[in-house]
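K.L.:
Just so you know, the sequences run in chain order A and B. When the first sequence is numbered by my numbering, its final residue is 517 and no position is left out of the sequence of numbers. When the second sequence is numbered by my numbering, its final residue is 1697 and no position is left out of the sequence of numbers.
Because the hints were derived from the structure by calculation, they are not lab data. Mixed in with the good hints there might be a few duds.
What the hints assert, rightly or not - Some, not all, of what chain B presents toward chain A, calculated at C-beta under 7 Å:
(1) 1412
(2) 1417
(3) 1419
(4) 1428
(5) 1440
(6) 1460
(7) 1463
(8) 1464
(9) 1534
(10) 1537
(11) 1538
(12) 1544
(13) 1640
(14) 1641
(15) 1649
(16) 1658
For glycine and all other residues, C-beta sits at the position ideal for the given N, C-alpha and C.
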Amino acid sequence: MSLCIAFIPQHVQAQKHSATTLVFGQEAPPATLDPYFSTAIATRNISLHIFEQLVTRGENNAVIPELAESWRISPDGLTYTFKLRTGVKFHNGKELTSADVKASFERYKRMGLARATLLPIASMAAPDPSTFVISVSKPQPIFLEELSSFTVPIAIIPSEQVDREGGKLDLIGTGPLQFVEWVPDSHIRLKRFNGYKPDMRYKGNDGFGGQKNIWFDMVDFKLVKEPGARVAGLESGQLQIIEDLPAESAKRLVGNKNITIFDQKNQWLHGAWVNHHRGPTNDLRIRRAIQLALDMEEIMEISTDGTYTLQPGLQYPGNPYYVTDGKELYNAKDPKKAAALLKEAGYKGEELVIITNSSYQTMYKAAQVVSEQLKAVGFKVRVDVFDWATALNRRRDKEAWNLWFTGQGSGPAAGPFSALKDVVSPQKNQFIADPEIDKLFTEMVSGATFEARKATFGKFQAHVYDQVLFLKFGDLHRKQAARSSIKGFAPYRIPRMWNVWVDGPTR
Amino acid sequence: MIQFILRRLLIALPVLLLVSLISASIMQLVPGDPAAVIAGQNASDVEIALIREQLGLNQSFPAKLAAWYGDLARGDLGHSILLNRPVTQAIAERVPVTLALAGFALLLTVAIGLPCGIIAAVRANTWIDQAVLTFALIGVSVPNFWLSLMLIVLFGVMLDWLPAGGYIPFADDPVGWVRCLILPAFSLALLQIGLLARITRATMLEILQQDYIRTARAKGLSSFSVIAKHALKNVMVPVVTVIGISFGLLLSGSVVIETVYSIPGMGRLLANAIFGRDYPMIQGGLLVTAAVLVLLNLAVDVLYAVIDPRIKYDQR
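Just chain A, with the same shape it has in the complex (with noise of 0.2 Å):
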């Protein structure tokens, strides 16, 4: 771990403060922000603003230490022993010490959504202020990988709320910005944290961490829903970052000197869940059939306008278990040979059942174009559209589907082990067990060392091809963009308000 003294002069740093307020346009409303209680997007966008975690993820995926100073583990494994930042501040002025953490941990382990992370801890203690110790019945290779996981991030807050319930926190973190007020439906305000003091051992941002200064007095998270009016709220200045920038505006405003558009890249996996219950998919050949009729292309350029990324693997490129077995198998674009594996399964016409929404154009769109794809090679097909909350629910029926449009999105970027895990035991979205996809899970999470898991990685990856566990389309990009005045801002999983300046008018 490297320590880097960063020196930003104090004229610099008066230069960039600036007192108005950094207005962020998001597009879908966060149903709570309790950052245990939650996976989603439009939570995490804002609780890891507020909130910060002892151990998180950098710019290349890699775990990096936040509120821990440094960690020691036991030469058996069975020890970590975390030594805390002195000197940090929760926002209520509180000094974080090592039973704030310990109460943390408490409250995840009893109802944080992902507690299973921290089943194999046996016990936890705070032997003083400032030193944190976690012990397991087991040595688990990828446990520090787990606890800096950011689908369910695990942000330390003060101990008095250890009691609480899922969405009744009080909303005190330790980051650089602190909540001051939530308008359902129009805004979620947060303002600096004067408190804070940024993490020097960084030079900048890194990923979820890093050293984050806040130039701004406050900054608002607008709830804009429409993309039409997202945009026009760009271009008139009255916001100066938003997220989904649709592609046709994206095109349109390649010209505008007052507009910067960044890649958004690798905002999910573009797929669907197979089901291997109910007939005609409970029958592999004709689930390879489907595999070999699909055009991933076709299906990935409309569905996203042209941001998307064709390639096989459950990880995305730069991911360090970046692997590719399996290919052979993705995208494989036959519908001859589709048409007559369909043929040898003895295919009758029975009905495939696609389910997919109207949340979400994206999966609504691709949709469509395997439905088309697949009744070229003889597939008889219906498509049925729900909007979320219904589709949801009738995922967990077996006999109502037999594909269901997904986007799997920080699982895949937090690592292998959350990729696909919905295909294990007891999960299983397919509704058959399969026994050697649940080894290889198992083998994979236990792996000694980084080799072993990645190679475990890759036969997990191709078994899930080669019984067609998941119908993988494509990678999803999405696109930002902010005020060219806005300086500093680069797309991460979230949309980073710290180490953001403004330089010249925004208007």
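Given chain A's structure and the hints, the job is docking chain B onto it.
P.N.:
For chain B alone, coordinates are given in the frame of chain A:
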């Protein structure tokens, strides 16, 4: 009159009870649950079950309904699952916004629609009449979603005269409050303006044929006097009906306008509650909306009696 009002208020109670029962039953038939919505896109069944447990969503429907009516008797509309605050608080936060928007839209409707309709009738079959009729037709036909976006582009981006969306509370900045409501109020009002103009014109034409109008003209009264003093009062009964209906529609909130302009009103509150299966909020919201409409109908009926002395409610 007082007896009439009291009687109407008494009848309103079973009506509202029925509305809440029907809405609760219908929502039961709709699949989906709020826990899955809160958990987010990639949550597993285990995670969703955890949330259901935390939020106490595993009660049976009759138990939930009984609890809700019990709370209602004490004036408590329940706790919103998605917004994590009392339903009454969430609604109270939205009511001023929707009232402001609806009031503003109503003002525009009456201020533009009424005079246009009168002028069209008085100058029937001239180019003025045609112009008003065409304008009314456009108002009724244009989809307000498209219109809103066009207005935002024109006034918000190109001319930069008005904000491109968002809501500023009156307490924060009175001028900003007016400015942010102009475009949405107009988008909402356009349909109502068209309707009001046409109804006013049709009613006015009918009235202008009446004998007493001819008498008034024969007496030598000025045109303005004839219309303003004699004709207008008789136009008001059907017009008040339309205004009442319009205001009712405006008050229940427009999801489309509020979504496009990012205004935190009742329309979006209810729509989001339905999409998120936030049952307490749906129940509470629908009950409040129904109550408002009942009161509005009553007010309109009372207004009839005020305008037209021939209308008497108290039957002896």
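K.L.:
Please go over all the hints and tell whether each is borne out by the structure.
P.N.:
Comparing the hints with the structure gives:
Residue-level restraint check for residue 1412(B) holds (minimum Cβ-Cβ distance to chain A is 4 Å; threshold 7 Å). Hint status for residue 1417(B): holds, given a least beta-carbon distance of 4 Å to chain A, under 7 Å. The beta carbon of residue 1419(B) comes within 4 Å of a beta carbon in chain A, closer than 7 Å, and the hint placing it at the interface holds. A hinted interface residue such as residue 1428(B) counts as satisfied when its beta carbon comes closer than 7 Å to some beta carbon of chain A; here the least separation is about 4 Å, so the hint holds.
For residue 1440(B), the suggested interface contact is broken, since its CB lies about 16 Å from the closest CB of chain A, more than 7 Å. For residue 1460(B), the interface hint is violated, the least distance from its beta-carbon to any beta-carbon of chain A being 10 Å, above 7 Å. Nearest Cβ of chain A to the Cβ of residue 1463(B): about 5 Å, under the 7 Å cut. The hint holds. Look at residue 1464(B): its Cβ gets to within about 5 Å of chain A, closer than 7 Å, so that hint holds up.
The beta carbon of residue 1534(B) comes within 6 Å of a beta carbon in chain A, closer than 7 Å, and the hint placing it at the interface holds. Because the beta carbon of residue 1537(B) sits about 5 Å from the nearest beta carbon in chain A, less than 7 Å, this interface hint is met. For the restraint placing residue 1538(B) at the interface with chain A, the shortest Cβ-Cβ distance is roughly 5 Å, inside the 7 Å limit, so the hint holds. With 7 Å as the threshold, the beta carbon of residue 1544(B) comes within range of chain A, its nearest partner Cβ sitting at about 6 Å, so the hint holds.
Checking residue 1640(B) against chain A: minimum C-beta separation of about 5 Å stays under 7 Å; hint holds. A cut of 7 Å between beta carbons decides the hint on residue 1641(B): the least distance to chain A is about 5 Å, and the hint holds. Here the hint on residue 1649(B) is kept, as its CB sits about 5 Å from the closest CB of chain A, short of 7 Å. A hinted interface residue such as residue 1658(B) counts as satisfied when its beta carbon comes closer than 7 Å to some beta carbon of chain A; here the least separation is about 5 Å, so the hint holds.
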